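Undergrad: Quick note, the sequences are listed as chains C and L, same order.
Residue numbering for the first sequence follows this note's numbering, beginning at 1 and increasing consecutively.
Residue numbering for the second sequence follows this note's numbering, beginning at 1001 and increasing consecutively.
These are computed hints drawn from the structure, not numbers from a lab.
Keep in mind the model is a prediction, meaning the values are calculated, not measured.
Careful, some of the hints might be misleading.
[Stated by the list, open to error] Here are the computed lysine to aspartate or glutamate pairs in the DMTMM-like style, where the Cα-Cα straight-line distance is at most 20 angstroms:
id : chain 1 : residue 1 : chain 2 : residue 2
1  : L       : K1092     : L       : E1079
2  : C       : K269      : L       : E1200
3  : C       : K126      : C       : D139
4  : C       : K203      : L       : E1200
5  : L       : K1176     : L       : E1156
6  : C       : K83       : C       : D10
7  : C       : K83       : C       : E68
8  : L       : K1092     : L       : E1138
9  : C       : K126      : C       : D177
10 : C       : K269      : L       : D1246
11 : C       : K269      : L       : D1242
12 : C       : K36       : C       : D184
13 : C       : K208      : C       : D6
14 : C       : K261      : L       : E1200
15 : C       : K203      : C       : D219
Residues per chain are reported as follows:
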Amino acid sequence: MPDGGDNVLDVRGLKTVFRTRGGEVHAVNSVSFHLKRGEVLGVVGESGSGKSVTMMSLLRLLPSPPAEIREGQVMLGGQDLLKISPQALRDVRGAKVGFVFQDPMTSLNPVFTVGNQIMEPLMRHKGMTRTQARQRAADLLELVGISDAANRLNSYPHQYSGGMRQRVMIAIALSCDPDVLIADEPTTALDVTIQAQILELVKGLRQKLGMGVIWITHDLGVIAGIADRVMVMYAGQVVEHGPVRDLFGNPQHPYTRALLKTIPSLTGKRAARLQVIEGQPPIMLSAPNACPFRARCAHAMPVCATQNPPRHAMDGVTLGQGHDVACHWTPEVAYA
Amino acid sequence: MPDAALVQVRDLKMYFPIYSGILRRHTGDVKAVDGVSFDIMAGETLGLVGESGCGKSTVGRALIRLYELTAGSVVIDGEDIGTLAPEALRRKRPTMQMVFQDPQASLNPRRTVAQIIAEPLQEHTSLTPAERMARIHELLDQVGLNRRFASRFPHEFSGGQRQRIGIARALALNPKFIVCDEPIAALDVSIQAQVVNLLEDLQDRLGLTYLFISHDLSMVRHIADRVAVMYLGRIAELSPRDALYDRPLHPYAEALLSAVNEPDPALARRERIVLQGDVPSPANPPKGCNFCTRCPRVMDICRTAKPPLIQVEPGRLVACFLYPQTVPVGSTVGAAFQPTQQGAYT
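Given only the sequences and the hints, what does the whole structure look like? Please build it.
TA: And the structure:
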């Protein structure tokens, strides 16, 4: 696990809402987190829990309207990304922050060659000439494990397989040596054997390049394999956060506990019946003044309906530095 | 305990022709399924796993003849459905049903739940409208949906509930055999468990036989009695569940299992076998063993001949030259499928 280092990214109290005809959807509610150099932060949650919207908000990638970033601060290299001008933001996107989008089939432009698409950020951000950019693009393809890179640059995305396209996305995101790499479900569309290749690749690269990585997924297995710290999101809020071993070994929030129990294991004893979380995730139309998980929670208490629990540290250290949980029912007993 | 095979598949082949050039000449075939044989016992769940493009869904669809077979036979409950005449096939349909992957796409958005579930009943039974409605209510009860939902439309439901509607439709005609083609792949983790539990309950109650197609190896371990691992149109290994997960015999099965991420940091960081390269195209599979281009234990013979699926241990069938080649699986295939453990089938 990488030791400390300063924060490359610090997000505080981020709130994003979508204005829809049915009312305001509170997609991200006071989300705070930080990311250190050389560290992998895993973000887990079901679809609609606000993982992607949070990350898109950081770079103001959401179309507005309907999206609106209400509050918050996103500090990267001494500037607040939510306040800087669109021109300044363009120098951040792709240069200081690399983004790997979920679907490699639709995120690459089908009418440009792969080489062109890797060269574009290099020429835009690094001021390289075509020849320099081409050379660097070939190096990058090599780096992400595509053989015969120099010739492959002339291929179009459709000539690549899914795993290769995903690697091209990673190569583009890495092209300008970003401080932060945000990977939004980068392996969800891939098969397990290809997924294993990508995970090994990113693990190797963050050590080599020392960047901070935010890895979004709904697959707890992937998180267990790659992350140093984990943030569990539910209904647009962070419900639990902590070092990966603490969080998996000693989950505190009833949602995290239930989630870990619903997944059948590949080894160990086979349960006769799978545990389920009854009910559905809430629709976030009302302002969040109650615990969003209470309707599905086995430990719900009267206070859960009147007060949205704040995150509190489990082990006495500063909030965000160790293991913290947002729940009124705290099984301190379990935390031995 | 089941004693007979409900489904017998022998040397099933599904080729999709490629036409090219101005004259649209037949220039090749995508060999989606290239010689697959297995049995499914009455009352058991056979898991079918593999990566995308390995032909697992094609097998599922061919089994209930949603495609015309290229070669081979599929005997379900004593009848070879590959050669049945259209009218006979229509009468056979109620025995075999399918639950599709995408509950959003497999339900007609312009029809109510009642209309969707009623369609097979109208087609295959002579129930009066009142009897039909009673049956629809009974089916909704069975899959855990409120009877009041009968007049609603699919868009009013969540993914998990839609999948329940799809299951109710598949159950409408009291089938014996259901092909579940990735029934949980489109659902969230917390909802997947609900649907899997429902499928298991229905199996217990109605004595159903499932072919459970999935790429989720952990879920297949939970639901299946035996598991077939497919690679590029062929079965690499077919073993009882516990044997396969404890000690996979085929190198591909081994690599596939090792690639799965366990939700436990201690286990997830174990040494894994990372396969290099991509799956070859099924239009142009390797000359020898289909896995020879990526196999970490490849030998010379693997590049020239295709290994037959043979029994290497009681109840375990493997297609690999690493194991002594004895009698290939042919007419005696049934013998290989005798359950080896008491209680393997519940």
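Undergrad: Please go over all the hints and tell whether each is borne out by the structure.
TA: Against the structure, the hints:
no. : hint              : verdict
1   : K1092/L / E1079/L : 9 angstroms, holds
2   : K269/C / E1200/L  : 18 angstroms, holds
3   : K126/C / D139/C   : 15 angstroms, holds
4   : K203/C / E1200/L  : 39 angstroms, violated
5   : K1176/L / E1156/L : 30 angstroms, violated
6   : K83/C / D10/C     : 14 angstroms, holds
7   : K83/C / E68/C     : 13 angstroms, holds
8   : K1092/L / E1138/L : 23 angstroms, violated
9   : K126/C / D177/C   : 10 angstroms, holds
10  : K269/C / D1246/L  : 11 angstroms, holds
11  : K269/C / D1242/L  : 10 angstroms, holds
12  : K36/C / D184/C    : 18 angstroms, holds
13  : K208/C / D6/C     : 18 angstroms, holds
14  : K261/C / E1200/L  : 18 angstroms, holds
15  : K203/C / D219/C   : 17 angstroms, holds
Of the numbered hints given earlier, the model fails hints 4, 5 and 8; all others are met.
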